Amino acid sequence: MIDLIFKNPEVLADMFFSNPGFIIIFAGFLCAFLPRNEARKFLVGAAPIAAAFLVWRAAGDMDGARRAIEAGGNEFVLMRIDRLSMIWGYVFCLAGVLNAIYALHEKCRITDSSALIYMGAAVAGVFAGDFLTLFIFWELAALSSVFLVWKGGENAFPAGVRYLAIHILSGVLLLAGAVIYARSKEWDFTFGEAGEYGFLSLQDPGAVLLMIAMGIKCGFPFLHNWIQDAYPKASVTGTVILSAFTTKLALYALARTFAGEDILIYIGAIMTCFPVFFAVIENDLRRVLSYSLNNQLGFMVCGIGLGTELAMNGVAAHLAADVIFKGLLFMSMGAVLMRVGTAKASELGGLFRSMPYTTIFCLIGAGSIAAFPLLSAFVTKSMIIASAMNQHEYIVMGMLLFASAGVMEHSGIKVPYFAFFSHDSGKRVKEAPWNMLVAMGLASLLCVFFAFPWGGYQFLYSLLPFPENYYAPYTGNHVVTQLQLLFAAMLAFAFLKRMKVYPDERRAEILDFDWTYRRLGKGIAVWIDAMWTRLSANLAIIRKDFFAKAGQRLYHMFSPAGTFSVGAPSGLPTLLTGGMLVLVLIVVYLARL
Amino acid sequence: MGMLEFFPEWLQYHGAALAVVLPLLMGAICAILPSERLAWITTLIVVSICTVTAFGLLLVTFGGESVIYKMGGWDPPKGISYVIDGLNTPVIFLISAMALLTTLYGLPSVVAEVEPKKRAPFYGAFLIGVAGLLGMVVTGDAFNVFVFLEVSSISTYVLVAMGASRDRRALAAAYRYLILGSIGATFFVIGLGFLYMETGTLNMADIGRKLQELEGGSRVAMVAFGFITVGLGLKLAMFPLHMWLPGAYAHAPSFVTVFLASTATKAALYLMLRFSFTVFDVSFDYVLTVVTYLFTGLGCAAMVLGSLQAIFQTDARRTLAYSSVAQVGYMLLGVGMATSLGLTAGYVHLLNHAVIKGALFFALGAFWYRYGITRTEDFAGLGKMMPWTMGAFTLGGLSLIGVPLTAGFISKLQLAEAALQRGWGWAVFVIMATSILAIIYIGRLILTAYFQAPPEIDGEVVKRNEAPLMMLIPMWILVALSITIGVNSDFVVQAGQMAAEVLGGIS
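Taken in sequence, the protein lines are chains A and B. Count the first sequence with the numbering used here and you get residues 3 to 595, in order. Count the second sequence with the numbering used here and you get residues 337 to 843, in order.
Certain hints may be false.
Pair by pair, the computed Cβ-Cβ distance ranges are [unchecked claim]:
no.	chain 1	residue 1	chain 2	residue 2	range
1	B	Asn824	A	Gly62	32 to 38 Å
2	A	Val431	B	Phe787	31 to 37 Å
3	A	Trp529	B	Tyr786	40 to 46 Å
4	B	Gly761	A	Ala167	24 to 30 Å
5	B	Phe765	A	Ala474	54 to 60 Å
6	B	Phe765	A	Leu14	20 to 26 Å
7	A	Gly580	B	Arg505	24 to 30 Å
8	A	Gly62	B	Pro723	41 to 47 Å
9	B	Gly761	A	Ala474	54 to 60 Å
10	B	Tyr786	A	Lys551	27 to 33 Å
11	B	Met768	A	Pro435	46 to 52 Å
A short list of chain B residues far from chain A (calculated; beta carbon distances all over 12 Å) [unchecked claim]:
no.	residue
12	Pro344
13	Glu345
14	Val357
15	Ile365
16	Ala367
17	Pro370
18	Ser371
19	Val388
20	Pro413
21	Asp421
22	Lys546
23	Gln548
24	Gly759
25	Gly795
26	Val797
Straight-line distance between alpha carbons at most 25 Å, and here's what the computed DSS-like set of lysine-lysine pairs gives [to be verified]:
no.	chain 1	residue 1	chain 2	residue 2
27	B	Lys546	B	Lys720
28	B	Lys799	B	Lys720
29	B	Lys720	A	Lys153
30	A	Lys546	A	Lys109
31	A	Lys109	B	Lys720
Note that these hints are calculated values from the structure, not bench results. As the structure is a prediction and not an experimental result, all values here were calculated from the model. Glycine is no exception: its CB is placed at the ideal position from the N, C-alpha and C atoms.
Sequences are here, hints too, so could you generate the full structure?
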């Protein structure tokens with residue numbers, strides 16, 4: 003089969019253009035060798051657009067777009083598209099274009115090239131039709147994206163190594179799970195048929211490994227630390243690019259494999275709640291956003307666990323909204339970081355005077371994530387919450403509502419407030435570069451468009467996995483409830499600001515509905531944090547001791563100065579040879595008995 | 337087999353003798369040639385002819401045929417016969433092709449590492465070494481094996497000692513190699529003596545037949561087997577008889593190291609296979625016991641301990657030398673399974689490892705050639721100083737680790753499959769664990785090369801200085817071959833299956 007492909011250029015070309023990710027990856031490799039910045043920037047922008055066109059072409063004929071090759075006795079399904087992968091493909095391409103505009107000012111061959119390869123791997127992974135192909139792109143995404151982390155400077159290097167280690171581990175687990183699964187199916191590695199969502203249950207062989215692999219990549223509770231570790235340390239553009247793809251690819255794999263798996267409902271619900279506490283006490287605003295990224299993923303994981311048509315629609319729609327508004331928020335914080343040199347809440351403030359446009363875009367992003375009516379999450383997040391209600395999962399629904407309030411607090415108010423308003427830090431900087439403003443402007447427009455009542459959200463609906471399942475967001479009840487919630491928060495905010503009752507550091511805390519609970523939460527979080535620090539310090543000492551001792555032992559045995567390398571001229575080896583002869587003769591003698 | 341038409345009928349028959357006799361004669365002439373350039377050209381022509389001949393022989397056996405060549409027209413078992421079959425042609429081709437590549441590489445390398453007046457004799461010794469290796473693989477006569485074993489060994493001692501102009505320690509290494517190699521050869525010939533006593537013949541096929549009739553023979557045959565196993569075990573660096581190897585690899589001229597690493601131990605392993613499975617047979621329970629328990633046990637010990645030792649070396653050549661000990665362990669593990677799949681896997685790894693180690697040692701030689709680097713900490717910045725050579729080293733290293741799409745992956749996959757089929761789950765675990773050790777010792781070098789800045793001399797960063805083309809070409813041929821095998825392993829696996837078919841093994 004491989005020979006056949008290489009002998010026929012048409013077949014090769016057909017394979018190459020079958021999966022939209024391939025051209026992006028190819029463009030990425032090309033970028034690595036292109037010396038001219040303009041040419042690279044053109045590729046970075048053009049490749050996702052071309053890929054989006056290929057997605058559109060394949061979506062026209064979903065069955066006809068399937069491509070597979072056979073190699074080494076296994077079938078690799080390079081291209082398999084259905085409505086689930088289609089929307090993921092579009093969203094990734096869209097994010098790619100926005101990121102390209104955002105990074106237009108940066109002259110860096112490594113970023114351009116690895117961003118493209120990384121993005122291409124994510125797109126190609128989404129359209130992979132079997133576990134082996136998925137595994138290849140899963141690992142490629144990890145390998146290529148680590149360069150974006152490393153571009154963040156000296157501090158980022160160890161974080162990048164940890165990031166890489168965790169992702170390689172995830173890939174290995176994925177492969178192990180896939181092999182165990184395929185063995186029970188007579189070596190059929192198929193990654194679900196087209197249109198089949200949730201083809202595995204947790205009782206199937208290998209399913210637990212697969213879920214852990216995907217769970218690592220999309221930040222399940224206690225498997226999530228790499229997100230907050232690596233993302234805030236990456237470069238300005240790097241974080242924006244990273245936030246769009248890795249976790250979303252894992253989410254796609256989860257949706258395809260485990261849709262309707264009950265345990266995901268609870269994992270998702272916990273995932274929405276627990277980052278809230280950490281986000282509240284965090285000072286680095288990019289890190290706050292990393293926690294909030296985790297929390298948004300929780301909504302989608304929960305939706306996948308519910309697995310109804312409405313929930314799956316909600317997941318897909320919220321994915322589209324999330325990639326845009328989370329990208330927008332990271333972009334605005336990136337612009338701040340670039341101009342001011344820090345993204346720490348305690349050192350920022352009053353930037354609205356010098357960065358007015360960035361402020362407006364950040365507010366739109368914050369409004370979107372907090373689900374203001376007419377902004378994107380208002381439509382998409384409520385689909386997931388509504389489907390939880392339809393399934394009578396009231397506790398889960400309560401947790402999701404609590405988390406929504408948390409989102410309002412840390413992403414909706416804390417991030418823009420501390421960066422752009424608050425006490426004036428006295429910093430006067432230039433507005434963000436024009437290309438960043440254009441990227442943020444486009445993202446803001448999309449945030450509005452996805453919730454636009456006259457044609458906007460209807461367009462989004464037409465791309466969802468179940469377009470016929472219609473959810474009406476603008477009912478009186480829904481709008482009024484949401485506005486009550488938000489206005490109460492804003493009122494409290496305005497009131498407290500007017501009265502100047504609270505010192506600066508605590509302002510962010512009061513803007514919530516249930517401040518006692520929040521204080522308790524903060525207390526618990528601080529306590530856990532302190533305990534954790536203490537515990538990990540102690541563990542680190544024990545671990546260090548252990549490794550130092552083990553290392554010493556090994557060194558004494560195996561190093562050039564060690565026992566095994568004693569420089570006995572020829573005597574010892576000769577004796578050994580004699581000893582071996584005796585050993586062989588004894589074995590031979592005993593074998594005959 | 338359309339390509340076979342290019343090889344005349346006489347070459348298919350007489351090729352076996354030609355490939356041995358030509359380098360043997362020309363080696364003697366080469367040693368007295370007045371000019372080193374002339375000696376190099378002679379060597380190049382001779383090894384090219386050998387390679388072409390070996391390729392022809394390979395095609396013959398791929399066609400499913402085997403040839404028995406009678407020396408001087410004397411019928412075996414009285415006369416000496418040369419045997420061409422599926423087991424030895426891949427090794428013959430490997431030896432002659434590696435000789436060709438190292439000769440190309442030698443043009444710059446030998447000039448840098450060997451004293452001018454010794455260069456023509458150096459090539460002479462090299463040709464005789466090639467003849468010896470080819471002879472011991474091709475011959476069907478047990479005593480002839482011993483003769484060629486000695487021919488190749490003695491010339492190898494000389495070649496290793498030639499490293500003295502670069503590194504005086506080469507003399508001590510060569511001396512140690514001489515002592516141990518002689519002991520190994522002596523053990524081997526003692527074993528042959530016992531075998532002759534038992535069967536009254538020296539033709540390998542004939543011995544095999546007689547032993548079958550005797551159902552394994554008496555204690556004498558058992559003792560013979562013990563001596564032969566230890567003698568050959570020493571030659572193939574079976575743990576713990578590997579002690580001559582690191583020194584010899586580390587201090588010999590780069591040219592010699594490459595050639596030794598990819599052919600000498602492989603030829604000895606071939607002999608071990610030949611003797612354990614066709615002369616003796618695994619249907620004799622003493623042979624089966626030794627193969628199953630001793631080869632596997634020592635193989636696993638070599639994999640673990642060799643890799644650990646490789647991790648702590650401060651000299652990059654020694655790292656790779658200890659890694660070779662570990663890799664021999666993989667081959668022995670495959671052989672120790674004694675099943676058809678296991679033998680295929682061991683044989684495939686024999687071929688793949690020759691390709692991989694060849695490429696890696698080529699790169700190390702180039703590092704020394706340009707910057708005099710052998711210590712691991714001096715690798716800092718090599719990624720910038722010699723990007724192409726370091727690129728080859730990296731790809732070769734990945735292949736050694738067993739990353740998918742490289743030859744090393746194919747080997748390990750085959751081994752793991754064979755182990756599972758044999759029901760040896762623990763062996764898969766050992767393979768995995770030692771692969772991780774390989775990641776450490778290769779990764780250490782690669783990380784130093786890419787993530788540390790090049791050194792500064794007198795305040796100036798050392799400039800880029802890529803290896804000469806004559807070094808890069810053979811290096812990248814092997815790297816490309818390693819990747820090709822990784823993508824499409826059919827021909828290597830086919831060679832392995834062909835060998836396993838000749839060897840038989842347990843079902």
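So, going through the hints one by one against the coordinates:
In this structure, Asn824 (chain B) and Gly62 (chain A) meet the distance hint of 32 to 38 Å, their C-beta atoms being roughly 35 Å apart. Restraint check, Val431 (chain A) to Phe787 (chain B): a C-beta distance of roughly 34 Å satisfies the suggested window 31 to 37 Å. Between Trp529 (chain A) and Tyr786 (chain B) the beta carbons are some 43 Å apart, a value that agrees with the proposed interval 40 to 46 Å. At about 26 Å, the CB distance of Gly761 (chain B) to Ala167 (chain A) agrees with the hint of 24 to 30 Å.
As the Cβ distance of Phe765 (chain B) to Ala474 (chain A) is approximately 57 Å, the hint placing it in 54 to 60 Å holds. Remark: the range hint 20 to 26 Å for Phe765 (chain B) to Leu14 (chain A) is contradicted by a beta-carbon distance near 40 Å. The supplied range of 24 to 30 Å is met by Gly580 (chain A) and Arg505 (chain B), whose beta-carbon atoms lie about 26 Å from each other. For Gly62 (chain A) and Pro723 (chain B), the Cβ-Cβ distance of about 45 Å falls inside the hinted range of 41 to 47 Å, so the restraint holds.
Checked against the hint of 54 to 60 Å, the C-beta distance between Gly761 (chain B) and Ala474 (chain A) comes to roughly 58 Å, which is consistent with it. For the pair Tyr786 (chain B) and Lys551 (chain A), the beta carbons lie near 31 Å from each other, so the given range of 27 to 33 Å is met. Look at Met768 (chain B) against Pro435 (chain A): about 49 Å separates their beta carbons, and that is inside 46 to 52 Å. Its beta-carbon lying about 30 Å from the closest one in chain A, Pro344 (chain B) satisfies the requirement of being farther than 12 Å from that chain.
Every CB of chain A lies more than 12 Å from the CB of Glu345 (chain B), the least distance being 31 Å, so the non-interface label holds. Distance to chain A confirms Val357 (chain B) as a non-interface residue, since its nearest Cβ pair spans about 33 Å, more than 12 Å. Distance check on Ile365 (chain B): its Cβ is at least 34 Å (rounded) from any Cβ of chain A, clearing the 12 Å threshold; non-interface status holds. With a closest Cβ-Cβ approach of about 28 Å to chain A, Ala367 (chain B) is found to remain outside the 12 Å limit, as its non-interface label requires.
No Cβ of chain A approaches the Cβ of Pro370 (chain B) within 12 Å, the least distance being about 37 Å, so the stated non-interface status holds. Non-interface call for Ser371 (chain B) relative to chain A: holds, since the shortest CB-CB distance, roughly 38 Å, exceeds 12 Å. Every C-beta of chain A lies more than 12 Å from that of Val388 (chain B), the closest at about 25 Å, which supports listing it as non-interface. Listed as outside the interface, Pro413 (chain B) is consistent with that label: its C-beta sits roughly 26 Å from the nearest C-beta of chain A, beyond the 12 Å cut-off.
Against chain A, the non-interface label of Asp421 (chain B) holds: every CB pair exceeds 12 Å, the least being about 27 Å. Every beta carbon of chain A lies more than 12 Å from that of Lys546 (chain B), the smallest distance being close to 19 Å; the non-interface claim holds. For Gln548 (chain B), the non-interface assignment is confirmed: its Cβ lies about 17 Å from the closest Cβ of chain A, beyond the 12 Å cut-off. Residue-level check passed: Gly759 (chain B) sits 16 Å from the nearest beta carbon of chain A, beyond 12 Å.
Every C-beta of chain A lies more than 12 Å from that of Gly795 (chain B), the closest at about 23 Å, which supports listing it as non-interface. Annotated as non-interface, Val797 (chain B) keeps its C-beta farther than 12 Å from every C-beta of chain A; the closest such distance is 19 Å. For the hint pairing Lys546 (chain B) with Lys720 (chain B), the CA-to-CA distance comes to about 62 Å; that exceeds 25 Å, so the pair is violated. Between Lys799 (chain B) and Lys720 (chain B) the CA atoms are separated by roughly 9 Å; this keeps the pair inside 25 Å, and the hint holds.
With a C-alpha separation of about 18 Å, the suggested pair Lys720 (chain B) and Lys153 (chain A) falls inside the 25 Å cut-off, and the hint holds. Note on Lys546 (chain A) and Lys109 (chain A): the hinted pairing is violated, with a Cα-Cα distance of about 41 Å set against a maximum of 25 Å. Restraint check for Lys109 (chain A) and Lys720 (chain B): satisfied, since their Cα atoms lie roughly 21 Å apart, inside the 25 Å limit.
The structure fails to meet hints 6, 27, 30 from the earlier list, while all remaining hints are met.
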